[in-house]
Amino acid sequence: MTRTHIRIAQLCAFAALVLVPALVAAGCGGDDDASGAPGEGGTLSLVAYSTPREAYEEIIPAFQETDGGQGYDFDQSYASSGEQSRAVEAGLAADVVAFSLEPDITRLIDAGLVDADWNQNEYNGMVTDSVVVFAVRPGNPKGIQTWDDLLQEGVEVITPNPFTSGGAQWNIMAAYGAQIEQGKSDEEAIDYLRDLFLNHVPVQDKSARESLQTFAGGKGDVLLAYENEAIFAQQAGQELDYVVPEETILIENPVAVVNTSEHPETAQAFVDYLYTPEAQTVFAEKGYRPVVPEVLSQFDYPEPPGRFTIADLGGWPDVRTRFFDREESVFLDIENELGVPTDD
Amino acid sequence: MRRASSSTSRTSWECPLTTSPEAVELPARTGGSRRAGGLVLGLSTAYLTLIVLIPIAAVVAASFEGGLAAFWDEVTAPAAVAALKLTFVASLLVVLVNGVTGTLIAWVLVRDDFRGKSVVNAVIDLPFALPTIVAGLTLLAVYGPQSPLRVNVAYSRAAIVVALLFVTLPFVVRAVQPVLLELDREMEEAAASLGSRPVTTFRRIILPNLMPAILSGAALSFGKAVGEFGSIVLISGNIPFDTEVASVYIFKGIEGDDRAAAAAVSVVLLVLSFAVLAIADVLERRSRRHDA
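Residue numbers (numbering that gives the first Met the number 0), protein chains in the order written: chain L, 0 to 343; chain Z, 0 to 291.
Hints should not be assumed to be uniformly reliable.
Chain Z residues, not near chain L, derived (Cβ > 12 Å throughout) [unchecked claim]: (1) A56; (2) V74; (3) V80; (4) A81; (5) D112; (6) S117; (7) N120; (8) I123; (9) I132; (10) M186; (11) E188; (12) V232; (13) I253; (14) D257; (15) L268.
Pairwise CB distance ranges (calculated) [claimed, not checked]: (16) Q181(L) with A128(Z): 38 to 44 Å; (17) V150(Z) with Q144(L): 31 to 37 Å; (18) G65(Z) with L91(L): 25 to 31 Å.
Simulated from the structure, these hints should not be mistaken for lab results. Just so it is clear, CB atoms sit at the ideal spot from N, CA and C, and this is done for glycine as well.
The task is simple: from the sequences and hints, build the whole structure.
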């Protein structure tokens, strides 16, 4: 008797607990559709990686002044590029996504959320550029100028782990590509990475921001950083210098419209606006290299003679598979060597 | 799984929803309280199912998606083993330290009188309130390269232990404190009057009484320590095979789109915590029986 009572009570409770949230959720959903947002047009949701936040905070109000953007509100969300990409894949509502690197867009193409022809504009879908630089202590006390200098005895190099920080994959590919650019073989370039990570990297933070924090906190002689981050850190009053090495990679940051957007025209108008001289200038003021040549030429960015792109190294799909696969890859091998006691 | 859920919903149709409010409204001593008891049990079971069991089952299911062999491969990957070992040893160390220091702090808070005692008492819980990432940042500022105290443990295994000590501090203290408060002091006085030295009194009278509380506090510390992420990730350095703990390894799996590895190592953590909680439970009962 009591048994069955408990049973029934349990089931009722279970049913209630399942049903109530579902009903509440359904109710809320309906409400949302009906009321809309304060802006008469609606709300656009921008899901972006953290670094360009300050730029977007200036660009968005300017866009809202334009014909295409009038009457629209913006929701902005900033976190690490990979996290944001996964969140959108898992259902975070987004109209426009801005990531640190193309594979985070590719994930959304695979999920059917971004059209495969997203990059069919003059700039291949990239909205800002940068390069990998060496951030050093004020006055560059260790005289760091070249990639070889990073391997000098006693030099500590800070870089995030490329498995936890997609952005750090730019750093690794810059180091690898610089060796190739110097005329070294593939094997020698991988040896360089091995030496760097086995003997010179004492901290592998999970994100670029944390690495900057670690460096600012007094650890390390060199921080592998993006030029825009270094410039931004200087603007924020942090004491560091940076060196643009002779050979380095061109960092290209993509932006795309999500195809489930309820306001596709406005989303597209916003993306188009990012390529206007006004928006590109804002990016440049925050340390990015504009992709639009006319705007770029107004700024004084050093052009490293040995500048190469990810395409020169085979493109992201190949690079990801070869270098950063979690099951079997060049970088996984290097990490595993950390677990092997060595003589030297 | 799908079959199970559909049968639940069918049964819920049959069950008359009106019985539950009735059970609450009628505080008649006979069937009423029993029914209410059943309802409470049902509610808590349902709650636990939704909040704990289903998510944990999902993690376990994800870890075995590729089959047992794949699970084993993930768990025995050299870097995973290294991370798990480090996590286990560091957590164990932290639990041992907590067992002693937590008991001491509880002792001081209950038995000693000093100015500012209530402040200290309130401070104990702060590690719970502080977001762990802030804890990590703070520890880094205090015990990092720019330490005002000239103590730099950052980016080492010691840093992991320090971070864990910080975030697990309240468990043992808060478990032991109430027991110590309730402890009948006449027992100690009787022992003393019979000529027992303070050390003996502590060992034979007080410690056995506190043991269950110490054990349960220690077990909770362990559970918290093995899964801790936020406070460690900034200060440990995260070098594989050296300072990379299991939670960071798991994070790496997630970020590297290798969810199977992340789930598999998570399951090992769950099993570890569960085992320690179970062992603590057995020890706790044994020490209670000894007490009686």
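We went through each hint and held it up to the structure:
1. The non-interface label for A56(Z) is consistent with chain L: the shortest C-beta to C-beta separation is roughly 15 Å, beyond 12 Å.
2. At the 12 Å boundary, the C-beta of V74(Z) stays outside the reach of chain L, the nearest C-beta of that chain being 14 Å off.
3. Not every C-beta of chain L lies more than 12 Å from that of V80(Z), the closest at about 9 Å, which undercuts listing it as non-interface.
4. For A81(Z), the non-interface assignment is contradicted: its Cβ lies about 6 Å from the closest Cβ of chain L, within the 12 Å cut-off.
5. The non-interface label for D112(Z) is consistent with chain L: the shortest C-beta to C-beta separation is roughly 41 Å, beyond 12 Å.
6. The beta carbon of S117(Z) sits about 35 Å from the closest Cβ of chain L, which is more than 12 Å, so the claim that it is off the interface holds.
7. At roughly 33 Å, the least C-beta separation between N120(Z) and chain L is larger than 12 Å, which holds for a residue marked as non-interface.
8. Separation of I123(Z) from chain L is adequate, the least Cβ-Cβ distance of about 28 Å exceeding the 12 Å criterion.
9. Annotated as non-interface, I132(Z) brings its C-beta within 12 Å of a C-beta of chain L; the closest such distance is 10 Å.
10. Every CB of chain L lies more than 12 Å from the CB of M186(Z), the least distance being 40 Å, so the non-interface label holds.
11. Even its closest Cβ contact with chain L, about 47 Å, leaves E188(Z) beyond 12 Å, as expected for a residue assigned away from the interface.
12. For V232(Z), the non-interface assignment is contradicted: its Cβ lies about 6 Å from the closest Cβ of chain L, within the 12 Å cut-off.
13. With a cut of 12 Å on Cβ distances, I253(Z) falls inside the contact zone with chain L, its closest approach being about 8 Å.
14. Remark: the non-interface label on D257(Z) conflicts with the geometry, its nearest Cβ contact in chain L lying 4 Å away (cut-off 12 Å).
15. Every CB of chain L lies more than 12 Å from the CB of L268(Z), the least distance being 18 Å, so the non-interface label holds.
16. Distance hint check for Q181(L) and A128(Z): the Cβ-Cβ separation is about 53 Å, which falls outside the suggested range of 38 to 44 Å.
17. One distance hint, 31 to 37 Å for the beta-carbon pair V150(Z) and Q144(L), holds here, with the actual separation near 35 Å.
18. For G65(Z) paired with L91(L), a C-beta distance near 27 Å keeps the hint of 25 to 31 Å intact.
Hints 3, 4, 9, 12, 13, 14 and 16 from the list above are not met by this structure, while the remaining hints are.
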